[in-house]
Amino acid sequence: MSLLDYFRASKPRTASIAKERLQILVAHDRSHHNQPSYLPQLQKELLEVVRRYVNVDQDAISVNFEQDENQETLELNIVLPDYQQTDKNLPG
Amino acid sequence: MARVIVVTSGKGGVGKTTTSAAIAMGLAKKGHKTAVIDFDVGLRNLDLIMGCERRVVYDFINVINGEASINQALIRDKNCNLLYVLPASQTRDKDALTQEGVGKVLDELSQDFKYIVCDSPAGIERGANLALYFADDAFVVTNPEISSVRDSDRMLGLLSSKSRRAERNEEPIKEYLLLTRYDPDRVHSGEMLGLEDVQDILSLHLLGIIPESKSVLTSSNAGIPVILDEKSEAGQAYADVVARYLGEERPHRFIDGKKGFFRKLFGGKS
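In order, the protein sequence lines correspond to chains R and P.
All letters in the first sequence, in the order written, are residues 1 to 92 by our numbering.
All letters in the second sequence, in the order written, are residues 1001 to 1270 by our numbering.
These aren't lab readings, by the way, just hints derived from the structure by calculation.
For every residue, glycine included, the Cβ atom is placed at its ideal position computed from N, Cα and C.
Take the hints with a grain of salt, since some may be wrong.
[Stated by the list, open to error] Sample of chain P residues facing chain R (criterion: CB under 10 Å; computed from the structure): (1) Asp1093; (2) Ala1096; (3) Pro1144; (4) Val1149; (5) Arg1154; (6) Ser1161; (7) Arg1186; (8) Glu1191; (9) Val1198; (10) Asp1200; (11) Leu1202; (12) Leu1204; (13) Leu1206.
[What the hints assert, rightly or not] Simulated DEER-style distance windows between Cβ atoms: (14) Asp1093/P with Val50/R: 41 to 51 Å; (15) His1188/P with Asp68/R: 33 to 43 Å; (16) Gly1103/P with Arg52/R: 46 to 56 Å.
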């Protein structure tokens, strides 16, 4: 800091912004890297199975893996289309 | 048996080679026979920082390929006769570095040396992976800057999962933090992440803070590890780091800006 700085308006404290961004980023990175490596393959195969019965989009399935101290959770989310064109693909 | 230290960071330009040269010199000066190895095949720089670039005849890859013996490739330091440098190859392809080859060289060096310092390249490619694979201790070099802290966190993940110790379920690599290019005044004015901020995220055993110092550049200009510039703050900080690593108690310095009144007024830089 020089003499001039004393007369300048106080600058924003960017270090605290950096820290906040880092905390979010690192938490995200860590959860991503801790995911089991089979997750993308699982998502792909699940989508194939669901598509045998329901005509859903590529992004209609999301697979989330979460981890806290006590348990690991695998969350599976399938969004079905508004009206179902079930007849033609269903067996039987 | 030697103790293998990897100096790593993920991000480039944070001071890995400066640190490798400084701590290898520091350990040797304390009476421990030390080898420092450049793992940055194709972009070797350690020889420049150590001031031995004109004495390179054989390199790490020559030894791995059996084209030279380890003793032919090792360069004895001109300032300290307990310190040896193993330069990287400047021309060969990175694929020449193999896990088996690196393991053999480290085994051979272990017979004769007390410490082996592995100067990792930036990134998380083969050179960086092999530099950390055989390590017992890791010096994680971090700048108080957002991308460097993030990359260090990523490296910590690799250290705990991709090392030989992890594969063999042995005691994990000991991880130490070296916070480099630290400017206490900028931390004080809220412009730079402070030690506490970085530790809130990485929570590592702190080996030392290396303050931003002009002597790092002037030392590298001259090819002399900065730890030999005993008058400089960076040189003293590295000497503290080596002493702490070897078990001495030394209070941490350079955390807070403590400039004199006149230097504060006129913005002098050390």
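Tell me, which hint numbers fail for this structure? Hints 1, 2, 12, 13 are the ones this structure does not satisfy, whereas the remaining hints hold.
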